[in-house]
Structures are given as structure tokens and as C-alpha cells.
Amino acid sequence: MLAAVKKIWARTAYGQLANQGVLGMNRRNHSYIARYNPRHLYPLVDNKLKTKRLAEEYSVRVPKLVGAIENQHDIILLDSLVAKLQGFCIKPCKGSGGKGIIVITGRDARGFIKANGQVITAENLHRHISNILAGLFSLGGKPDIALIETLIHADERMTAFTYEGVPDLRVIVFCGFPVMAMMRLSCKASGGKANLHQGAVGVGIDIKTGAAVNAIQNGASIKVHPDTQQELSALQVPAWQELLELACGCYDMTGLGYLGVDLVLDRDLGPLLLELNARPGLSIQIANKAGLLPRLQAVEQLKKIERYSNLERVAFAREHFAAL
Amino acid sequence: MKTGPSSVYVLAVLLLILGASLSIYRHVQFEVPWLPGEQRTIWSIEAKIEFDSQDAPVKASFATPDNQPGFERLSERTASPGFGLAFVDEGGARRAEWSIRQASGQQTLYYQVDMVAKPESLDGNQALPPALRLVSHTGPQAAAAKELLDRARSRSADAYTLARELINEFNTQAQLAQLLNHSQKRIVWLVDLLNQAGVPAREVLVLNLEDGRRRQSLTSVLQVFENDRYQLFNIDTAEQGRHPNQLIWQAHAGALLDLAGGSRSKVHFSIIKQEVPVSRVLREKNLSERNLLDFSVHSLPLEDQALFKGILLIPMGVMIVVFLRILVGIRTSGTFMPVLIAMAFIQTNLVPGLIGFSLIVGVGLVIRSYLSRHNLLLVARISAVIITVIILIAIFAILAYRLGLTEGLKITFFPMIILSWTIERISILWEEEGPSEVLTQVGGSLFVAVLAYAVMSNNLVRHLTFNFLGLQFVFMAVVLLCGNYTGYRLTELRRFKPFIGRPD
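Protein chains in written order, with the numbering used here: chain P, 1 to 324; chain V, 1 to 504.
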């Protein structure tokens, strides 16, 4: 009787998702975020300035901070801050989802040249910073700080797969173990942003090899990048071991058990930490065609988890979380 | 620090048992039925009399309502600590008389009466007409009065048309009416003039019954007799007839409240509507000593009961939000905003409510987008939106009233602060995520609000939540259980569609 019910249940949509270990929103919030992410640690990741200082403390490489603008009357200092730089990047300290980020790659007589080739006048750039300070892009509209960073030069092996923007790597790190990874490629439809819900391409990456598993855009599978026409299955992330080690280090740095780590591979500097997320999304499972639950539970079942070193954790993950 | 899920289940089961047993106890002990069943409408009306006394003997005589076409008195109660109480009959009028030897400071007396609505007897409209009372007036006012009466008489056929024309005369002949108003009130003139014309008439005080109203007062209307039947007239609009929800509180001469030894008296009324099974009404009639309804919140004054009637529905709406967000996964703008909107819909009714909501939010968004150009700080911006919303509500109310849509006045029931935040949130969402996300969230919110409205305005739900306080524990248990649901949301089946139907 009970077995029959179980059999029918397994055939329903609910049962099928459960069988494949897909992590749902309720379970993520209840069993992982609420349980493994202490509330008081959130500011470490929600505030990029704090993340950056913490990263420097732990010798984790991050894009270099040129300066921070905290008050409206300091906006004029921008010009002296970036005087010697050809390109730079302005982002809100407490922003989320890539909102409010402006990338400047050069200048001409009219003003600054944005990554997409458009020109923004110095006056408009000042106004953008003023908006950042007023909290236009921050969580809850709170007053914010504008950060100015050096430009990231994405590794050439990666840029072929992306249209504008910098391709970044999202790794879900659970208790220090990298459990799932995804490359996020911006495209025309996403306006140069690397966010999946804005239409960016997500490429699931095999934890074992760093090679592409599957790619999606707007929730549906795709084979080639819509703008560059690159075959996405050819994507192989370079410096894979290094990237995983960096991602795992972020757990030791923040203490957050369920963490989304966004990394980027710089041409000159190698792997860099871009930002951290205490509430990473679930679409990474669709990109990988795999559920998170079996991997999370595998880590939860390990004994004396605190004795694993960074390298041991990466090794365990590469051995156990390979794509099928 | 954190306790396991099992302790929550234990707590939920305990709450379930507690809530169920409380409810069953009420059902068995007080015979409160589970279903609304065949019902009689009972209006419980509470008059609150407040006055100041000055260390002197106090005697307060208060008019009470009597059986009348449409209503029958079921029971009455008073609350007046320290006062002596008697019901006295003064020339056919029954009055409650409180007395005390010495009282100082502010005094509050309560008089509560339950009236059974009998709409079937409303056509009767029978009563003993009062004796004609002829008052002679002198001077210019007498002449003015005579002129009004003559004009009205020439255009009327019987007592009712005479009364109607007389009121119309008062409205059209503004100058004469003003002259008359100097010496006595319009209603007194109307009674005098009708009596002069040989038509028995009098001023009566009526209460308009509406569920859950507080701080109401009586309105005075004109009662005109033809033989032993009568009609009521609105003395301003000459509107004739009696609404089924109009209770005649005082029909006989004399003041509503006669107070000796006190000053600064105030009287106001609270009203609550109850649907009660017929059998109980019949039984109560024989046993009028006992309280009629055994309300779960019965120990409270009626004024507060009326409040609770709405408050006790909120958990039901909250539960719907919990279901739709956790089990279904509908995205709303603001977690419990839909419940508050649903509460407003209960006051405004669904369609006017939806129209009002769309109007305010739509126009608010346009104005908010203009405000955003000025780069204001958050608190100032929200404040500006709040003021905008209030101005909009005032304008819409006035416009609707001018156009004769009295329903439009109920737009004031919308929670203004919540609406302002909604506008703010929607406009940020629009800028950040685009119109499609706005549509999803606003549509989701309205869907939840309409569903919550449908449940909260359901007769059975209202009956159960108000009569069985124990159900609140059951709601609590259900919400706790939902808080532990870690399964998939219905919308996630769509989101994770690539995983469904894959061969293993």
C-alpha cells in the first residue's frame, strides 16, 4: 500500500524533482540559508567595501580599489582619482545583481567611453555617482558608497564566449566545499550584464574538469552563444584548480556556510574575487542539469568537517561532484 | 540556539488540540452552531452615555427603542456600576432611568439592546398616531409659515404629498425658510405646520444600522401619519420611505437623554450585526435573562466587539498569503500588503475596490516617476508619495460624489501608507527589472488580495472566526507547519521543467 503510494508519488512532477535532488526555494531558505548563514555575517558580503577589506586581510586577490566616494561633495575628487587611469569601474558598495555598475574603458574629448562604446560626459558620470550615494541601487534604498576599482581584463580564453562585459564564474561553496559551478556570459539581450534573470547565458561547469556541461538562456537549453555564435560545449575554464581554491577560501574568510562566490579570471592577475552572495540563486542547477541536494547532503554527512584543509576540500569535491 | 523541527511539530499539534477543544467546548456548552444555517439577523446596539457630574445626585433618563414594524426587541442589558436602574413607562414611551446619590468626575453608562430584524413586517408600518398639537405663531414668521403651507397644500393631494411638498417648499423658498429657522428648527416647523393642516406628524430619531459601526449618532426624521399608517421623510431631501435598516430609536416626545445633576453629556452608538439561528432566537425570547449570543469576545463592550469582528479575520488572510507564497510561490509586492488591500475591499466591495486601487496606484506611479527626476532622498520621496496618495484619494472621492457615485467615497478605506509603499516599490521595480516583473508582482498581489477577499467575506468564515476564538490557535498551528515546509513550490515545477520527464 505504502509502496504503491510512493511509486505514484515518484511519477508526479514533485516526485521527479525530488528524485533528482533539485533544491527548491523553500528548502534553500529553511535548511541551508537559515541554518548555515548566521545573520550577523551578512554585512560582510552585502557591503563590498567590507568584503574587499576582509579579502585583503586573508590575502585573497580582488580588483584593486582606486578609491571610495562617501559624500556628495567628494564627487569632484573623482577626476583626480582616475587621472592616471585609462579605464576603471564604478560600482555601488551595497548594490546587488550588477545594478549601478559602470565600466569605463577609455576617454576622448567628449568624456568617458563606456564598455559598450557609448560616451558618457563627466557631468553625467558625476550624476550617476550621486545616484549611487543616494541609494538608488542599494538594497532597501539606503544611502550608499561609490567604489572605484581598476579595470578587469578578462582572460582571452574566456572573452571569445561573451558579448561585452566580463564573463564570471559562480561557485556555490557549501561549508568550504565547492559543490556546483556555472559560468555566466553576458550577451546583447542582457545588456552586458551577467545576470541570468536579465537574459545572460549560464553555462554549467563540471567541478571535476572545469569543462562545460550544459548551457541555458532564459531557462531553456542552448548550444551556441546567441551573439558570438561560439560553440558553448567547447568552453573549458582555465586555471580551474586555482579558481576552486580561491572560492573555497572565501568560506574560511566569511564563515558563511552556504555561499555564492563570483570569480573572474584576469589576464594579468589570474583569479580574482568579484563578489560574494549569501543568498545564491537556484538556476545554477538548470545550467548543470543536476540537483544540488545530493552534493549538499554528501558534505553534510562528512564527519569532522573542520579538519579538512582547503586543498582537501577541493580534492574531495573534484572527486565526488563530477558531472555524469 | 535552534531547536529541531520535531519541537515545532509538537507545538503545532498542541496548538491544534487546544484550538479544536476550545472550539468543540464552545459548540457543546454554548450550542454555537458550526454552520451559519437558517438565520435571523440580530442587531446588537450599544448606546454609550458619557457625562460629567458634580458631586450631586444624578438622574439620567434615556429613551429606549420599542417593538416596531421591522424590528422586535429581544433583550436588553445595561452596565452602570453604582447606579440604580429602573425602566419606566412615560406616556407609552419606555425609558431607562439611572440614579445615584453622589457621583463625581466623568461617568459612563451603557445601554445595550438586541433587536431581531423582521423585514417581512416592514410593510405594516403601523403605529398609533399622536394627538394633533396646535401651536399658534405670530408676526412675520406666522405669515411666512402660512405662505409655505398654502403653496404646499395647493400642490398636494394627501398627507404624504403634503409633507413632501412642504419640505420641497423649505428647500426652494430659501428666504422664507431662513426666516423661519431663526425661531425654531425646520423639523419643529414641519410638525407644527402639518398639525395645523390636520395631519398628525412628529419628529422621530432613527439609527441607521450598519455592521461594525462605532460612534454613530441618531438622525431626526419626520414621521407623517395617515390614519394608523405612517411614512418617514428625510427633512432635507424629502425622500420618502423607510430603509429596512432604519431603526426608530425614539418616537415619542421628550429628549433622548434627560440628565439632572450632570453636564456635558454625549451619547453615541455602536452597532454589530449577528446572524443567529432561528431556534436560538425563539429560545432566547423565553429566557431573556441570559445573554443572547455568548460571544467569544462577549465580555467586551460592543464597540470593541465590532472592531474584533474585523481583526479576527486577519489571520485567515495571513494564512492565505502563507499558502500562496510558500506552497504556490506567487510573488507579491510587499508580503502582507494583499491582506490589507483585501480588508479595504471588504469595505468597498470588490469591483469599486479594484477600480479605486488601480486608479490610485496608476496615477500615483505617474506622479512618482515625475518625483524621481528630482533626485529626492528616500524618506522625503515616500512622504511626498503619501501626500500625493491622500490628495488623489480626496480628489477621487469628491469627483465620485459629484458624479453621483456614492460608492466612490469608500476609497478612503484604502490603507494610505501601504499604498504609498506599494507605489514606491513598484516604481523601483519598474526601473530595475522592467514592466514584465511589475506586472507579475502587481498581478500576483491583486490575485492574492482577491482570493483573501473572497475567503474573508465568506459568511461561513466570518461566522466561524468570530464565534470560535479557538480557531486562532488552529491558524497558528497551520502557519507553523507551513513554516517547516521544505518541498517544492507549485511555480517551481515550471521553473525546473528541464528536470521533469527526463529518463533516469
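It cannot be assumed that every hint is accurate.
As the list claims (entries may be wrong) - Straight line, CA to CA, 30 Å or less: simulated DSS-like cross-link-like pairs of lysine-lysine:
1. K114(P) <-> K193(P)
2. K48(V) <-> K185(V)
3. K188(P) <-> K48(V)
4. K59(V) <-> K309(V)
5. K208(P) <-> K185(V)
6. K188(P) <-> K289(P)
7. K48(V) <-> K497(V)
8. K114(P) <-> K99(P)
9. K7(P) <-> K497(V)
10. K118(V) <-> K146(V)
11. K289(P) <-> K146(V)
12. K223(P) <-> K208(P)
13. K193(P) <-> K208(P)
14. K99(P) <-> K59(V)
15. K50(P) <-> K6(P)
16. K99(P) <-> K142(P)
17. K497(V) <-> K6(P)
18. K99(P) <-> K193(P)
19. K223(P) <-> K289(P)
20. K497(V) <-> K193(P)
21. K84(P) <-> K64(P)
22. K223(P) <-> K497(V)
23. K185(V) <-> K59(V)
24. K50(P) <-> K7(P)
Source of the hints: derived by calculation from the structure; they are not laboratory data.
Hints, verified against the model:
1. The hinted pair formed by K114(P) and K193(P) meets the criterion: a straight-line CA distance of about 13 Å does not exceed 30 Å.
2. About 26 Å separates the Cα atoms of K48(V) and K185(V), which keeps this hinted pair within 30 Å; it holds.
3. Annotation: proposed proximity of K188(P) to K48(V) is violated, straight-line Cα distance about 70 Å (limit 30 Å).
4. Using a Cα cut-off of 30 Å, the hinted pair K59(V) and K309(V) is violated, with the two alpha carbons roughly 35 Å apart.
5. Taking the CA atoms of K208(P) and K185(V), the gap is near 95 Å; set against the 30 Å cutoff, the hint is violated.
6. For a cut-off of 30 Å, the pair hint linking K188(P) to K289(P) stands: about 24 Å separates their Cα positions.
7. Taking the CA atoms of K48(V) and K497(V), the gap is near 63 Å; set against the 30 Å cutoff, the hint is violated.
8. Of the pairs offered as hints, the one joining K114(P) and K99(P) holds, with about 15 Å between alpha carbons and a cut-off of 30 Å not exceeded.
9. About 20 Å separates the Cα atoms of K7(P) and K497(V), which keeps this hinted pair within 30 Å; it holds.
10. A C-alpha spacing of about 41 Å is found between K118(V) and K146(V), which places the hinted pair above 30 Å, so the restraint is violated.
11. Annotation: proposed proximity of K289(P) to K146(V) is violated, straight-line Cα distance about 95 Å (limit 30 Å).
12. Taken as a hint, the K223(P) and K208(P) pair is honoured in the structure, with Cα atoms around 21 Å apart against an allowance of 30 Å.
13. For the proposed pair K193(P) and K208(P), the alpha carbon gap of about 27 Å is at most 30 Å, so the pair holds.
14. A threshold of 30 Å between alpha carbons decides the hint, and for K99(P) with K59(V) the separation of about 73 Å lies outside it, so the pair is violated.
15. Between K50(P) and K6(P) the alpha-carbon distance is near 49 Å, which puts this suggested pair outside the 30 Å criterion.
16. Only pairs whose Cα atoms come within 30 Å are accepted, and K99(P) paired with K142(P) is accepted, the gap being roughly 14 Å.
17. Under the criterion of a C-alpha separation no larger than 30 Å, the hint pairing K497(V) with K6(P) is consistent with the structure, at around 21 Å.
18. Between K99(P) and K193(P), the direct Cα distance comes to roughly 9 Å. Compliance with the 30 Å bound is thereby established for this hinted pair.
19. A threshold of 30 Å between alpha carbons decides the hint, and for K223(P) with K289(P) the separation of about 14 Å falls inside it, so the pair holds.
20. Pair hint K497(V) plus K193(P) holds up; C-alpha atoms about 25 Å apart against a cutoff of 30 Å.
21. Restraint check for K84(P) and K64(P): satisfied, since their Cα atoms lie roughly 14 Å apart, inside the 30 Å limit.
22. The suggested pairing of K223(P) with K497(V) holds, with an alpha-carbon distance near 18 Å, which does not exceed 30 Å.
23. Distance check on the hinted pair: K185(V) and K59(V) sit about 27 Å apart at the alpha-carbon level, within 30 Å; holds.
24. Annotation: proposed proximity of K50(P) to K7(P) is violated, straight-line Cα distance about 50 Å (limit 30 Å).
The earlier numbered hints that this structure contradicts are 3, 4, 5, 7, 10, 11, 14, 15 and 24.
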